[in-house]
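Take the given structure of chain A and dock chain B to it, following the hints.
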Amino acid sequence: MKRILFFLSCLFLVACSDSSSEPKRSTFCADDLNAFVDVDGALDKDSVVYFADTIGFTEVMHQFAKESKNRGDDSSSALSYNSFSETMSMDVSMRIEPSFDGGEITLECDSEHARPISFKYSKFPISSEDSLHRFTLDYEEKIKVNGTTYEDILVFDGLDGEMSGCNLKKFYYAANDGVVKVVSKNGVELNRISAEEFEAIADSVAQMIADSLAKAIEDSIAQAVEDSIAQALADSILAANPPAESDGSSDETDEKIDNLVDCVKDAYSSDKLSNFAKCISW
Amino acid sequence: MKEKLKFPIVAICSLLCLDILGCSPEDMDEFLCSPKVETLGDFQKNFGKYDSGDTVMFEHSNGYSFNMVVVEDSVFYFSPFGTYASKFDIPCKDADNVPTAHQMREVLLESDYPMYTIQIKMAQKDYGREGIDITFGQYEFTIYKEDLERNPLADSIGSLEINGKKYDDVIATKGKKVVYGQDEDDSVVYKSVDSESRVFYNKKKGILKIELEDGSFIAINEMGGK
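Those sequence lines, one after another, are chains A and B.
Per this note's numbering, residue 1 is the first one in the first sequence, and the count goes up by one each step.
Per this note's numbering, residue 1 is the first one in the second sequence, and the count goes up by one each step.
If you're looking for bench data, these hints aren't it; they were derived computationally from the structure.
Heads up, a few of these hints could be off.
As the list claims (entries may be wrong) - Derived contacts from chain A toward chain B, CB cut-off under 8 Å, selection only:
1. Thr54
2. Ile55
3. Phe64
4. Asn82
5. Glu86
6. Thr87
7. Met88
8. Ala200
9. Ala202
10. Val205
In this text, a Cβ means the ideal position worked out from N, Cα and C, and glycines have one as well.
With the rest of the complex left out, here is chain A:
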């Protein structure tokens, strides 16, 4: 009996051992969730992070983290996380509250009508309390995104994506870095990139837009010149062959003149001299 008790004590100590002397840690083993509350590094204050896919889209996300006391338990801390994306609907709000019996994670996706999704934690993976939809939260020790390794990852999966009120299928949240990857409902991945990579992409896009605009202006000017020359040619033909009074009423004459101008424009566009002959015989 003593040996069994000793063995169980060892298991307990090994499972929950931690070299940190943080007084905030709960006495019961809830290491998984505490890892997400004791934030470090980039998530310690507000930050701007960037994402890119392989199609040509980028996204800017502002994220904020705040540590506070657990509701109803001053001895432990909770984390509130909020992220806001500039164009895409991939905002995430999350509150992580470790407790002596595991804890709770509540999150909301970006949707006008989204309801909070609650997860009661005992061990991963966990399913949400919502009986209408199927969501899961799982844990991965590490994940590699765009060449960078992130640790302590929460993986949200909206298995029932169509009905969820979340306009995304999955996101990966790293304890010390926030959201590092998002997967859309149709499987496109947006991966975290550095500020430098984002600037390079943004410069490339800006150049592409500028080139496109310049081309449009150039084409517009070319078209205007073409129209102007065609009009001048038509005017010359009219001057050389003025309409006679017997050619019809004033309206009919105006119509013929309009037709001549159009004919000259079409001939000019066709780059064929022979087409001009058709206009002269108007």
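Okay, now just chain B, sitting in the frame of chain A:
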């Protein structure tokens, strides 16, 4: 004759209410008046003619084509007592103090990828200005029935060709951008700031193009698609 019938009718209705519906005497007061309802204007009701289930094709400035689906187009009524789907459900408890309910409309367009959402909200208020609020990510736009006359942020574009199709009577209105920060308690705070973003629209087709400050845009694409 009508006056003679009034008492029996009220008495019968009261009995039905008590017997069938189990109403209390207080509940019966709710049926003694009708709330005033401020309805949406024609500009608001007909903007874009979006219907639930409709698919609107767009193209991004990077050349990527995608569909946005109208996942919601709902009309409802907001009163001091709450929100109701039908104006006939709005309670009216005091005949001497008739509440005013506002008709509201919300349209929501979503795309799978890019993960865009366009929210269009409107309510009948503001003394007939018939405002429509449009939200795209952190960008917000407000357009009005008489934008060119009343809104200094609006410009007349006239005719505009977008992805091979010509649109008339196009108006472009500048928007605002929501920026986020933290206060001294680390709580998230936000405010709207002026932005060079613009929404292009006409009354018939609704939103034609949304252009952001960096020059990128999404534009309606009726002539093509994926």
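Checklist entry - Which hint numbers doesn't this structure obey? => result As far as the earlier hints go, 1 and 8 are violated by this structure, in ascending order.
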